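Those protein sequences? They're chains A and B, same order as listed. Per the working numbering, the very first residue in the first sequence carries number 17; after that it's consecutive. Per the working numbering, the very first residue in the second sequence carries number 322; after that it's consecutive.
If you're looking for bench data, these hints aren't it; they were derived computationally from the structure. This structure is a prediction, so every number in the text was calculated from the model and none was measured. Each hint should be verified, as a subset may be incorrect.
[What the hints assert, rightly or not] Interface residues of chain A toward chain B, partial, derived using beta-carbon atoms under 10 Å:
#: 1; residue: G212
#: 2; residue: R368
#: 3; residue: E385
#: 4; residue: I386
#: 5; residue: S396
#: 6; residue: E603
Just so you know, even glycine gets a beta-carbon here, dropped at the ideal spot from N, CA and C.
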Amino acid sequence: MTDPDDELAKDLGLLSALTIGIGTMIGAGIFILPGVAAREAGPLVVVSFVIGGGIAMINAFAVAELGTAMPKAGGAYYWINRALGPLFGSIAGLGDWMGLAFASAFYCIGFGGYLSDLLEDVAVTIPAVGSVSLALPSIELATVSLPSITVPEVSILGVEALGFSLLGWSFTLGLTDVQVGALIAAVIFVGINYIGAKETGSIQTVIVLLLLGILTVFAVAGFLSFDYSLIEGDLAPEGAGAILPGTALVFVAFLGYAKIGTVAEEMKNPGRNLPLAVIGSVAIVTVIYAVLVGIMVGVVPWDELDRFTPVSQVAEIAFFGPLAAVGLGLVTFAALLATASSANASILSSARINFAMGRDKIVGSWLNEIHPRFATPYRSIAVTGAIIFLFITLGTVEALAQAASVLHLIVYALTNLALITFRQSNLPEYDPDFTVPLYPVTPILGAALSLGLIYFMEPQQIRLSIYFIIGALLWYAVYARRHTKDAGLLAEYVREESDELPDAAVSATEAVSPDEYRVMVPVSNPRTERDLVELGGAIAKAKDGKLVAVHVVTVPDQTPLHVAAESEAFEDGDHRLLESAREHAEETGVPVETHTVFSHRTLEQVFDSARKHEADLVVMGWGDEGRLSTGRAGTVTDELAQNLPCDFLVFDDRDRDASRVLFPTAGGVHSELGAEVARALRDTVGSEIRLLHVADDPDEGERFLEEWAAENGLDDAERVVVSGDVEEAIETEAEDASLLLIGAVGEGLLSRLVGGSLVYDVINDVDTSVIIAEKARNRSVLERIFGDD
Amino acid sequence: MKLTGTVVIPLASPDDASTTARAAAPYLGTADKVVLTYVVEKGGGAPDKASLEQMEGYAEKVFDAAREELADAETEVETRVLYGTSISKTVFDLCDEVGASSVALVPRESNRLFKLLVGDRVRPFIEDNDIPVVVFPSDD
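Chain A on its own, in the form it takes in the complex (with noise of 0.2 Å):
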């Protein structure tokens, strides 16, 4: 961890913050965007911007306060998944990574624009070979057509998500000079990242500075030949309703106030300063783009401002006589430096994001390795540029930077949400320094603009963002889900609170929650609860998990449930018992909740449970809620015994200690179980294992138990084979062990258990305690995804 004096270790200051804000955003905005943008909005594509700058902004107050309250790498990634938990955090680490990826192919793709007019009119003369032309060639390599397959429509909350020609049109397989320039600039700023080439942080606060002088001069030239006829008239040629469709084009220059968050663990007093930097580089930046575009659109006629370099175009007209070549020298200068900036920026936060998800589990470890050589996360810098070169091949250029806006506005949306789900959640170590005006409003805006701005978006784009979405939340099911811990704030909220809220909501939440292995513990007696809390603890502890104790408490069949749950007579018990089970269980040093539910049917209520609460394994009493049942044995069907929501232990605790274990096993899935327990009781409280195994063959019976024990992990435990009656060698052995646990033989222990009909005579015989284990039938992973419903 940082020391939080370290100042060494903590060098961004306000400035070098800013720089990095601005630096990132004003390479789009200026450069590569009004003339696209233009032939979008007319004129009004100066108020398209603002309206951008204003959705921008309110986005922004929401970073400052994450920002200011935890400075960690990752922004908005780790804010979201720290709240909503790791579903949505898949969503948000790959988004705000695409959505960089998509931003820096963009950014390429500018660089190239004025790479590629740079060199068109360069031509080298070298001795013996005459004049070169160093003009960036077009490579045509084929003109692919593809057969039209029609995908059938599909509506999905009447939004049409299918339903357009997937395949059936035909492009030409090759490269624009624009883009051979863009691959270019791609392997210069993917290689500058991947050796870690050594910046300084007045070179990025020069070339920033550098930029703002070089845009004033343009601006002051071009205002001087701003033509007041080109914008009389019809200001919007394209209509009013063009403007929103201009933001969306445009919000692509906006994302960069959200990169300083990436940052934040590195900077300065960030109390101070992020908000500053976050909120200061987006008013700058607006103010910056309105007044340049402004001037664009009177210096050239909106349609025909040029697609990939506006500013040459304008710069050759503003600056004339001996200094048009002066000018656009600089003004070129200028485009290559910003949008190199800009992608720079880009590469380098998203190796900060990959980190963050590795941090979490939500990507493998291999992905932020660190290079021996060059210090530098050097494979996710690889991956990135890797997608990035794909999108420079396949994207126009504004289809790049919509990609580009949807992805970071849909984690901008989240991030919204995130910041309202800490607010509500109390937690004392949520401090920020900075905090959004107007709560709640600013934050519910932010989303509500953030995704309506969606809509504006080309179709083609919309149905990305939607596959997106769907693509993250398979990664989540597939990967994530398996590996990484923290269920996020949102889901403790839930669980907590899951006695008030609905079961859907609680089981909803469960499913998709991290795969957390969780003992469930009924407790109904004050005499056995202990043990079983005891046990289950030991369990939990083994398989880093966490104990969910439940009270079940049981009403008469006339008592209606809700008035048992206000009732004080109900009550009493209640507390003291759950109270004692939480005590005990934090002194196993496990994570530990606890939950109180009313039911006519005890048992059917600890099956339900089980699966309300996710369970893996339920450790239950034996005199507990099986006999309470019994009397009403009629309701407890085979068929609800032999689908066993989850593992189960049966423990009938006789006052013995689990010092000695005596452990019968012939295989089986249920001695698997018995084995795990075994293992967490040797390991958590010392016990000695015993296993014992009755074959008529000694020799081969001695085989099987030593294969046995140690597939099972319990090859240091005694091990005795003997032949005979299996009852009769239980008995035996039985005599100097203090616990015996026994596997289920075959399914629906619990149905006879109830029943009364045991499945060994043995377990009356002998006067150990008896855990008995019975493993659930496997659950595929379509029923983990969807809960069991």
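Fit chain B to the supplied structure of chain A, relying on the hints for placement.
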């Protein structure tokens, strides 16, 4: 030859840590203390090459690799993560702070291209030093 007093050993990667610790171990018998250090290279105002927390985790891996080689040494071993824009200057500042009597290192195999790309990491140690710098031969 034996090293005495406090010896500062800068390390660059887990492999470098193993190599250096292995090379240094035979000479450390009479030293009072060994200070292993990893310097996180800072941009001095520019964002770092990687997340701070990521580099601190990396430093732990580096130290673990060195500790493994020094497991049998009877000398006291201390580890320090430092931050600085210049690695050699940061290491020499540490030497002042802990009153080191020498710095020990093993040059990593390098070539012109590497030196051009990331700078020569050894040269500043033997050109700007104000205390003895011991350069061990690498065994691999």
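Consistency of the hints with the structure:
Interface hint at G212(A): satisfied, since its Cβ lies 4 Å from the closest Cβ of chain B, which is below the 10 Å cut-off. Here the hint on R368(A) is kept, as its CB sits about 5 Å from the closest CB of chain B, short of 10 Å. Residue-level restraint check for E385(A) holds (minimum Cβ-Cβ distance to chain B is 9 Å; threshold 10 Å). This hint holds: I386(A) has a C-beta 5 Å from the nearest C-beta of chain B, less than the 10 Å allowed.
Interface restraint check for S396(A): the shortest CB-CB distance to chain B comes to about 9 Å, inside 10 Å, so the restraint holds. For E603(A), the shortest C-beta to C-beta distance to chain B is roughly 32 Å, which exceeds 10 Å, and the interface hint is violated.
Hint 6 alone, counting from the list given before, is not met by this structure.
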